[in-house]
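Those protein sequence lines, which keep their order, are chains A and B. The first sequence begins at 1 in the working numbering and counts up one residue at a time. The second sequence begins at 259 in the working numbering and counts up one residue at a time.
Among these hints, one or two may not hold up.
Calculated pairs, EDC-like style, for lysine to aspartate or glutamate (alpha carbon to alpha carbon, straight line, at most 20 Å) [to be verified]:
#1 B:Lys460 - A:Asp100
#2 B:Lys465 - B:Glu387
#3 B:Lys426 - A:Asp100
#4 B:Lys426 - A:Asp211
#5 B:Lys287 - B:Asp334
#6 B:Lys460 - B:Glu366
#7 B:Lys460 - B:Asp522
#8 B:Lys465 - B:Asp442
#9 B:Lys465 - B:Glu503
#10 B:Lys426 - A:Glu147
#11 B:Lys465 - B:Glu480
#12 A:Lys226 - A:Asp211
Derived by calculation from the structure, the hints in this document are not laboratory data. Predicted model only: the values in this text are computed from it and were never measured.
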Amino acid sequence: MSEAPILRAAGLAKRFGARLALAEVSLELWEGEVLAVVGESGSGKSTLLACLAGRMAPDAGTVEFRTRHEGWRDVHAMSEAARRLLERTDWGFVHQRPEDGLRMTVSAGANIGERLMALGARRYGWIRAQAAHWLAQVEMDAARLDESPLAFSGGMRQRLQIARNLVTRPRLVFMDEPTSGLDVSVQARLVDLLRGLVRRLSLAAIVVTHDLGVARLLAHRMMVLKDGRVVETGLTDQVLDDPHHPYTQQLVASALAP
Amino acid sequence: MSARAALAAVRAAGERARYNFAYLDERTKRMIRRAILKAVAIPGYQVPFAAREMPLPWGWGTGGMQVTAAVIGPQDVLKVIDQGADDTVNAVNIRRFFERTAGIATTERTAHATVIQTRHRIPETPLAEGQIVVFQVPVPEPMQRLEPRESETRRMHALADYGLMHVKLYEDIARYGRIVTAYDYPVIVNGRYLMAPSPIPKFDNPKLHMSPALMLFGAGREKRIYAVPPYTRVESLGFEDHPFEVQRWQAACALCGSRESFLDEVVTDDRGGRLYVCSDTDWCAARRARADAR
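Start from the sequences and build out the full structure, keeping to the hints where you can.
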């Protein structure tokens, strides 16, 4: 972890008609830090993630990202071309459903290589070697490089989606419920993998999840959302072991502990 | 009036009623010409236009016909080819259509034509300045198969965000060991826009580059017109270690002996007999005529 934040948001608000989805959300994320955003369905988690990742314009507030060369840049004020470049170089976005983040009609190798080709890589051999390398990084068999993701299980698709995002060595990855929809043992392996990758690549990540177990294993810090507002924030263990806000207490109490 | 007399009156009216020159009304032609001018000004960019119903189904060349109707004049000489041949059904019908509605001269000789409407080929005879080639285009969007949302592909064009097209070529090599895309091979026009050159074989792609003729592309069902102006750079995509290549044949044309033209394989019997002939019938006939003369 470094001394400087990599992402900061201030006073984010979003309404859908009369319904308030997000109000006065501010946060800072440091390099190499993992922040979990938890809360029940409809609490504004995914809206927050979309606003932070530049995919949805907030009604109020700013989101700034510290770029490699140009310092702080307002994510919502930059040109679409600049934002797209950021999205495929320094950022990653892992969707809940891998099908949303993958091209299901092309092979695993092409999925991983897409970002490289979009950035101008024109040597087939090199692109393929990179794809094989990142497939190995997500603990998949390199022999499956030319297979279609349609032939993959849910857990493998999610791994492929992660590899596809990491190929450009991003500094910040947004994850929207990366493990839900998988069965428990697969979930555990995926969380394990993510934990290793985050540490090894010193990734900063914002993980939206409703699974407190995943949050505890992955995240350094935690933010609890209720009805679009932050009700509690702090170190993960601190929040989970000693929840202050009644809503957090209820959330922790209702988690299934085997 | 008796039924018979009514019928006769209708027939007489039909005789008197003339189509406007080249079928389309003048306002429609002006609308199409405006789209063509814009297309020429932005090489490779797909310009939307209000494609009209033509008296044949979408997909049979309605886009090409509308472009031809908009650019053709009484002095023009029209050639129409389908798969390189002047005598196939689609070519014959479209040629006859313009003979009837515009009363213009037609030809099968590439060198004599001022406007050439084509499906699937660019003639082998080198094109000259002043000639216009009109392509019938079924799918104008080169990325459509990979990205079905048009809102997204238009955005990708706007940002020159074309990595996706290489994904397709990567996929070819990963599956077959080489780029197997053989027709409608994607090109970059004037260093900017990604363009589908209509289903011409990639053999014809080099003919687009720096061509002295004006190339117009009309997609009727998809309602798009685009263009490659004369002397424009047209570059076929590829990888450094798997560059763009055109098809080659072991055989020569069985009729004229040509080794440099695009050959069609023709099955001659049910015992595996086959021969290769030029797909461009005019080119083949001209070569044979010259050989006979010698």
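For the pair supplied as a hint, Lys465 (chain B) and Asp442 (chain B), is the alpha-carbon distance within the 20 Å limit? holds (13 Å)
Does the structure keep Lys460 (chain B) and Glu366 (chain B) at a Cα separation of 20 Å or less? violated (23 Å)
Checking one constraint from the list: CA of Lys460 (chain B) to CA of Asp100 (chain A), max 20 Å. Satisfied? Violated - the C-alpha atoms of Asp100 (chain A) and Lys460 (chain B) are around 33 Å apart, more than 20 Å.
Straight-line Cα separation of Lys226 (chain A) and Asp211 (chain A) no greater than 20 Å? Judged against 20 Å, a Cα distance of about 15 Å means the pair holds.
Does the structure keep Lys426 (chain B) and Glu147 (chain A) at a Cα separation of 20 Å or less? holds (15 Å)
Lys426 (chain B) and Asp100 (chain A): Cα distance at most 20 Å? The hint holds at about 19 Å.
For a C-alpha distance cap of 20 Å, please report whether Lys460 (chain B) and Asp522 (chain B) respect it. Answer holds: Lys460 (chain B) to Asp522 (chain B) is near 14 Å, not above 20 Å.
Checking one constraint from the list: CA of Lys465 (chain B) to CA of Glu387 (chain B), max 20 Å. Satisfied? The given pair, whose Cα atoms are some 14 Å apart, holds under the 20 Å limit.
20 Å limit on alpha-carbon distance, applied to hinted pair Lys465 (chain B) and Glu503 (chain B): holds (13 Å)
Against the 20 Å threshold, does the CA-CA distance of Lys426 (chain B) and Asp211 (chain A) hold or violate the hint? violated (38 Å)
Pair hint Lys465 (chain B) and Glu480 (chain B), alpha-carbon separation not exceeding 20 Å: violated (25 Å)
Pair hint Lys287 (chain B) and Asp334 (chain B), alpha-carbon separation not exceeding 20 Å: The hint holds at about 16 Å.
Hint compliance for this structure: hints 1, 4, 6 and 11 are not met, and every other hint is.
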